[in-house]
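**Student:** Going down the list, the sequences are from chains A and B.
Sequential numbering from 1 applies to the first sequence in the working numbering.
Sequential numbering from 1 applies to the second sequence in the working numbering.
Worth double-checking, as some hints may not be accurate.
Derived, one-sided and incomplete: chain B residues facing chain A with beta-carbon distance under 7 Å [to be verified]: (1) Asp153; (2) Leu154; (3) Arg156; (4) Phe158; (5) Leu160.
Which stretches of chain A does chain B cover? Using the computed rule of at least three CB atoms under 8 Å from a CB of chain B, they are [unchecked claim]: (6) 50 to 57; (7) 93 to 104.
Pair by pair, the computed Cβ-Cβ distance ranges are [claimed, not checked]: (8) Trp116/B <-> Glu114/A: 20 to 26 Å; (9) Ala79/B <-> Gly135/A: 36 to 42 Å; (10) Ile104/B <-> Glu114/A: 52 to 58 Å; (11) Leu234/B <-> Gly121/A: 44 to 50 Å; (12) Ile166/A <-> Leu20/B: 25 to 31 Å; (13) Ile71/B <-> Asp150/A: 42 to 48 Å; (14) Ile166/A <-> Arg12/B: 43 to 49 Å; (15) Pro96/B <-> Arg115/A: 48 to 54 Å; (16) Arg9/A <-> Thr93/B: 41 to 47 Å.
By construction, these hints were calculated from the structure, which means they are not laboratory data.
Idealized CB from N, CA, C, for every residue including glycine.
Residue-level listing of the chains:
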Amino acid sequence: MPPPGLIVRQASLTFGDRPLFHGLQARFDAGSWTCLLGRSGSGKSSLLRMIASLRLPDNHHLDLATSDGAPLAGRLAWMAQQDLLVPWQRVVDNVMLGAHWRGRPKPEDRQHAERLLDQVGLADKAGQWPDELSGGQRQRVALARTLFEDASVVLMDEPFSAVDAITRLELHDLASRLLADRTVIMVTHDPLEALRLADRILILQGEPAHLVSIPVPEGARPRPLDNVDLQRRQAELVTRLQESAHA
Amino acid sequence: MLEKIAPGRLVRPVGALVVLVAIWQLVLMLTGVPRYILPSPTAVGSALIEQRALLAHHAGITAIEIVAGLIGGILLGLATALALARFRALRRTLLPLLLISQAIPLFALAPILMLWLGYGLGPKILMAMVIIYFPVASTGYDGLRQTPQGWLDLARTFGLSRRQQLLKVQLPAALPSLASGLRMAASAAPIGAVIGEWVGSSQGLGYLMLNANARLQIDLMFAALVVLVAFAVLLYFGVDAALRLSMPWHRDRVESGP
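One chain only, chain A, in its complex shape:
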């Protein structure tokens, strides 16, 4: 089934008595990778949580539609900044955590999980406990768990911000390859990450905030670091983000 696009017709969020955004509109095209940037406290993570129907402490409202008209529930996978591996399941069981938690996993679930572990390069770690892995390895297991859900929409909240720079670049390549053809919305603080991965970059800026679309570099993602256009855009994007604080 082709992935749906998402249409935010109307999003509002109030933090205390301060409106972070009101009547916000956005389109996320089917099968495209969108990066959502903005200063801390701009409400970008909250917007992502709203789309995922996760709990939020603040007053919020969202009117969301899908391009194919079918509900989003059941077609969505979530990846957070923390890897969220549970310590009481072995690595392979963490990949198939959804199957464990929803009921009794089938033998083919385990085979599927093992294949995914192989794809993220951790086939030999299947029987280990999560505590025995490094931070980068754990995040790769989290990526495999996200893939296991086989969701056509993937929401990611700063998924690679807790790992070192080199590991992050490796994770970009891996995620970009494995999540091709899905509708991805990724919140990030890292301009370079956005420029490497995004089909579209949106900055949440102003008060109350609105979304500003930023042109992305040429070339297929993940764009290599020596992409000349990427380097030029990076300076531009950083300037935009600095300005957005005062806008």
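Starting from the known structure of chain A, arrange chain B on it as the hints suggest.
**Tutor:** Below, chain B alone, put in the same frame as chain A:
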């Protein structure tokens, strides 16, 4: 688990025990305390051997009370913790009552239980259950409540029901916290059973101790105490070992201690 009880790890506790017994003997020789106040280690040792049939009979009774109380108290405490975590209305009504109930001196309940349930095993088992119930319920509920938000987010995007979330996510996440409650329960269970026996009974180690005391069989009284202590220690380490087995992912951290 077996490698844990390696001979090397037993040297220190056994050594400490030998030193304690030596001090005991030394105090007797130096102060000349009469035998009916403090019997010698050898007298207690021979009472243990000569009266083993009697001791075994009463120990069996007490063991049944402790184990039944422990199982009942754990099940009831766990059920309470789950119900509290699941139903908000129950939290509002039951939680304050539960906290207030801790102000009741539990030992004072023993005569009432005796009055209602008679002299048999019932009131002793109930006494042990009452003592175990609260630490299990409170540590269990605490653990269930403190599930990291990230796991609950994940459960929600996986499409889990509230019940699935409680049993598949919150319960395993609460195990380390619950384990400390279960260890407390294991050390409290013998207290409950013996208190029950002291208030009124015709069998059990608590009864044997009172009876031996009245007949000035102080060495038998001490022998019963030794058996009781052995019970408490075995129970604690048994529960501890079971908890480690049920949390294999926790093993490394626990064993890396000094």
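**Student:** Hint by hint, say whether it matches the structure.
**Tutor:** Taking the hints in turn, this is what the structure says about them:
1. At a threshold of 7 Å, the smallest CB-CB gap from Asp153/B to chain A is about 5 Å, leaving the interface hint in force.
2. Satisfaction of the interface hint for Leu154/B is found here, the shortest Cβ-Cβ separation to chain A being roughly 5 Å, below the 7 Å cut-off.
3. Taking 7 Å as the C-beta contact cut-off toward chain A, the hint placing Arg156/B at the interface holds, the least distance being around 6 Å.
4. At a threshold of 7 Å, the smallest CB-CB gap from Phe158/B to chain A is about 5 Å, leaving the interface hint in force.
5. A distance limit of 7 Å between C-beta atoms decides the matter here; for Leu160/B the minimum to chain A is near 6 Å, and the interface restraint holds.
6. With a cut-off of 8 Å between beta carbons, the stretch 50 to 57 of chain A has 4 residues touching chain B; three or more are needed, and the interface restraint holds.
7. For the stretch 93 to 104 of chain A, the assignment as covered by chain B holds, since 5 residues bring a beta-carbon within under 8 Å of that chain's beta-carbons and 3 suffice.
8. In this structure, Trp116/B and Glu114/A break the distance hint of 20 to 26 Å, their C-beta atoms being roughly 59 Å apart.
9. For the hinted restraint 36 to 42 Å between Ala79/B and Gly135/A, the CB-CB distance of approximately 39 Å keeps it satisfied.
10. In this structure, Ile104/B and Glu114/A meet the distance hint of 52 to 58 Å, their C-beta atoms being roughly 55 Å apart.
11. A hinted range of 44 to 50 Å holds for the C-beta pair Leu234/B and Gly121/A, which are about 48 Å apart.
12. The beta-carbon spacing between Ile166/A and Leu20/B, approximately 58 Å, falls outside the hinted interval of 25 to 31 Å.
13. In this structure, Ile71/B and Asp150/A meet the distance hint of 42 to 48 Å, their C-beta atoms being roughly 43 Å apart.
14. Checking the proposed 43 to 49 Å range against Ile166/A and Arg12/B shows it holds: the Cβ atoms sit about 47 Å from each other.
15. Distance hint check for Pro96/B and Arg115/A: the Cβ-Cβ separation is about 52 Å, which falls inside the suggested range of 48 to 54 Å.
16. The beta-carbon spacing between Arg9/A and Thr93/B, approximately 42 Å, falls within the hinted interval of 41 to 47 Å.
Of the numbered hints given earlier, the model fails hints 8, 12; all others are met.
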